[in-house]
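Based on these hints, arrange chain Z on the given structure of chain W.
Protein chains in written order, with numbering that gives the first Met the number 0: chain W, 0 to 389; chain Z, 0 to 389.
These are calculated hints, taken from the structure and not from any lab test. This one's a predicted model, so the numbers in the text were calculated from it and none came from an experiment. Worth double-checking, as some hints may not be accurate.
Since the list can't tell identical chains apart, any single copy or any two copies may satisfy a pair.
Subject to a maximum C-alpha distance of 30 Å in a straight line, what follows is the list of computed BS3-like cross-link-like pairs (lysine-lysine) [unchecked claim]:
#, residue 1, residue 2
1, Lys-360, Lys-67
2, Lys-298, Lys-283
3, Lys-230, Lys-67
4, Lys-231, Lys-148
5, Lys-230, Lys-60
6, Lys-148, Lys-230
7, Lys-130, Lys-148
8, Lys-5, Lys-230
Number of protein chains: 2
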Amino acid sequence: MLFAPKEEIYSRITRLKSLMEDASLDGAFFHYKIDYYYLSGTMQDSLLFVPVDDEPVLFVKREVSRAKRESPINRIVSIRSIKEIIHHIKPIKKVGLQLDVVPYNDVMRFREIVGNVEFFNCSPLTRELRKVKSPFEIALIERAAAIQKMVYEYVPQVLEEGMTEIELGGILEAYAKALGHEGLLRVRSLNYEAYTWHIVSGRTGSIVSQSDSPMGGLGLSPAFPVGASMKKIKRNEPILIDFGICYHGYQADQTRMFAIGSMPKLFVDGYEACREIHYKVLDKVLEGLTSRELFEYSKKLADRLGFGDYYLGYRPHKVRFLAHGIGIELSELPFIAATHDYPINNHAVFAIEPKMVFPRKGACGIENTVYVDNGRYRILTDTDERITIL
Amino acid sequence: MLFAPKEEIYSRITRLKSLMEDASLDGAFFHYKIDYYYLSGTMQDSLLFVPVDDEPVLFVKREVSRAKRESPINRIVSIRSIKEIIHHIKPIKKVGLQLDVVPYNDVMRFREIVGNVEFFNCSPLTRELRKVKSPFEIALIERAAAIQKMVYEYVPQVLEEGMTEIELGGILEAYAKALGHEGLLRVRSLNYEAYTWHIVSGRTGSIVSQSDSPMGGLGLSPAFPVGASMKKIKRNEPILIDFGICYHGYQADQTRMFAIGSMPKLFVDGYEACREIHYKVLDKVLEGLTSRELFEYSKKLADRLGFGDYYLGYRPHKVRFLAHGIGIELSELPFIAATHDYPINNHAVFAIEPKMVFPRKGACGIENTVYVDNGRYRILTDTDERITIL
Chain W
0 MLFAPKEEIY SRITRLKSLM EDASLDGAFF HYKIDYYYLS GTMQDSLLFV
50 PVDDEPVLFV KREVSRAKRE SPINRIVSIR SIKEIIHHIK PIKKVGLQLD
100 VVPYNDVMRF REIVGNVEFF NCSPLTRELR KVKSPFEIAL IERAAAIQKM
150 VYEYVPQVLE EGMTEIELGG ILEAYAKALG HEGLLRVRSL NYEAYTWHIV
200 SGRTGSIVSQ SDSPMGGLGL SPAFPVGASM KKIKRNEPIL IDFGICYHGY
250 QADQTRMFAI GSMPKLFVDG YEACREIHYK VLDKVLEGLT SRELFEYSKK
300 LADRLGFGDY YLGYRPHKVR FLAHGIGIEL SELPFIAATH DYPINNHAVF
350 AIEPKMVFPR KGACGIENTV YVDNGRYRIL TDTDERITIL
Chain Z
0 MLFAPKEEIY SRITRLKSLM EDASLDGAFF HYKIDYYYLS GTMQDSLLFV
50 PVDDEPVLFV KREVSRAKRE SPINRIVSIR SIKEIIHHIK PIKKVGLQLD
100 VVPYNDVMRF REIVGNVEFF NCSPLTRELR KVKSPFEIAL IERAAAIQKM
150 VYEYVPQVLE EGMTEIELGG ILEAYAKALG HEGLLRVRSL NYEAYTWHIV
200 SGRTGSIVSQ SDSPMGGLGL SPAFPVGASM KKIKRNEPIL IDFGICYHGY
250 QADQTRMFAI GSMPKLFVDG YEACREIHYK VLDKVLEGLT SRELFEYSKK
300 LADRLGFGDY YLGYRPHKVR FLAHGIGIEL SELPFIAATH DYPINNHAVF
350 AIEPKMVFPR KGACGIENTV YVDNGRYRIL TDTDERITIL
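If we strip away everything but chain W, and leave its shape as in the complex, we get (with noise of 0.2 Å):
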């Protein structure tokens, strides 16, 4: 089991405050554990409070000797009780916290322990700092993409005529989790939720639901609407496999094409043009150009291949980005969409995902997980890029 080293984390806290200045805040409380294990190196029950100006106080309410073992924070304090934390916290005027994620009542909560202060959504300070990822980092995702490799060349060995969806998707997800993967992509959000078994074939690819995606998929129930269904997979039908590692909370993504017998031409063209659009964009991420110039550059490139109506979706379900940053969330900065506008050429990870649905035909696709710096991007999703024909 891998530890954060405490200069990978005292360095996320000194940009952190930094960023906390520029705001003018006095402190801020990270209560979002995927914001605290960022911070501090652990996930057991804490709050993380930073002061701007002083050493950060780990709260532990269970459980303090793991936490203790993670986290390479100097101060870890046991609690039993969040209200025991005024003890330990100077005078604050203007605090960060997640008001994007905290619940109402939780804040609220907040407000009676630590008195009239004023709250500031500090999410999008971690959420930029996300946005440029360590050496540290860059190794545990490509530890997540070798594991994710290992699954995609094991998919011909245990793929067959008459499984369901989510029999294949199962049998992928345990051979990955034997391989250290831990079986959840987290996501910041209320409602939604990744799965890592996204397989859709043939027709379920051209089911839209839910999820901010151009295949949704059936899924197994009403409760469950997204993802791998009990559809049968059958010959001469394209078969789209997206799914998702995590490795010590951080994840990549990846989508590669198979079929048995052979894959119809329509998404075999498809499946071109996608990967045509990736390489290209890549190019000019390169440039620098913005998310949004490289989401427009995208889309008159799928239009000159004859695509438009397909690609990300088709009317009135498209979705609007064409790439997603990845980390310990599976939607961080930076994204290539039509709503953002930065170059995403340092020091980022993203996944990107060129996808074309045919109406109730189904889905074609590609999908990898990018680090780029330095003028170079490099695939940290290195699997074999070919349609598998079984």
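Showing chain Z alone in chain W's frame:
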């Protein structure tokens, strides 16, 4: 795929309206998907509004045709932005919202849209409703339990000395998914996740973690510090398998004990004590004792049986509940706990889980999901309760 019948959904709404009237609410918004699934039958990206004196309206962002197929709600309106709801609702003054889970910023957004209303946390209302299970719900939990029984009966075919806990977890998960298990156990919490692959063996059974469980387990990393780990399963040690199943969103929870070779006497005795507590407490449930009384009674039993120091964990890590209600969330009402005080014998479904944890040695225990009504209880997880020795 099963959809909730119209009578089921409208009877829930009728019961809800009566509680809303008691709380003087003009209406209630259901923004958390667990809650609007319960009240509408769909988990498509939606917002449910229930006026106290009129038809409920389901606003659907994505995807409306699926929502219409899944939900029997009469008024379903397709929206692109949440702002549009204002055109479909009458003026309201006091309105319910899930303030225990809805993020602060989302509540502020609602306030902007609906104007200066008084928000009231209506989660206790739906939690109260869900304390009583309908025959439709029982049937789904029974189906989850039936899958679970097959999973437990599959263990002897796959459990081998030298395999890791997570390897076994993955294999069971794959088997369960092929039978319709949905892979996630939803919990009403910002920071707490539940995994189905809760397998601990020997010493990992004594490891405490952030979870509110007597045996948290080692987990896979600081980012997943709960449940099955990379520890190899050995001969002659207790193997505790606490494996939840989810079917159409409804969960069943169960624990059974296994060993390869033999089970050390300490754990056999501890397990028999757990079974005795389990059945004696159920008898008292039927007599109408309250949660707190049941909890205290169970502690006395554990003391008398000589296991007081290990019952529900060792000090200072003991947990303060013996049973949790279960349904579309893992921790629903009713509880058998020190901090709850009501009888639990009315159409209730709960998972009762007496467990013993021995420091540095391991854990043992039993867990069943039980339906109680009309002076009888029925164990839904009717897997053989004997310790399985391979």
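Going down the list of hints, with the structure as the test:
1. Taking the closest pair of Cα atoms, Lys-360 and Lys-67 come within 30 Å of each other only across two copies (22 Å); inside a single copy the shortest separation is 54 Å, beyond that limit.
2. In this homomeric assembly, Lys-298 and Lys-283 come within 30 Å of each other (Cα to Cα) only inside a single copy, at 13 Å, whereas the closest approach across copies is 67 Å.
3. Taking the shortest alpha-carbon separations for Lys-230 and Lys-67, only the inter-copy value of 21 Å comes in at or below 30 Å, while the best intra-copy value is 47 Å.
4. Proximity of Lys-231 to Lys-148 under the C-alpha cut-off of 30 Å is found in both arrangements, the shortest distances being 25 Å within a copy and 24 Å between copies.
5. When the C-alpha separation of Lys-230 and Lys-60 is checked against a cutoff of 30 Å, the pair qualifies only between copies, where the shortest distance is 26 Å, while the shortest distance within a copy is 45 Å.
6. For the identical chains of this complex, Lys-148 and Lys-230 are neighbours both inside a copy (25 Å) and across copies (24 Å), given an alpha-carbon limit of 30 Å.
7. For the identical chains of this complex, Lys-130 and Lys-148 are intra-copy neighbours only, at 24 Å inside a copy versus 45 Å across copies, given an alpha-carbon limit of 30 Å.
8. Proximity of Lys-5 and Lys-230 under a CA criterion of 30 Å is satisfied inter-copy only: 26 Å between copies versus 49 Å inside one chain copy.
No hint from the list above goes unmet by this structure.
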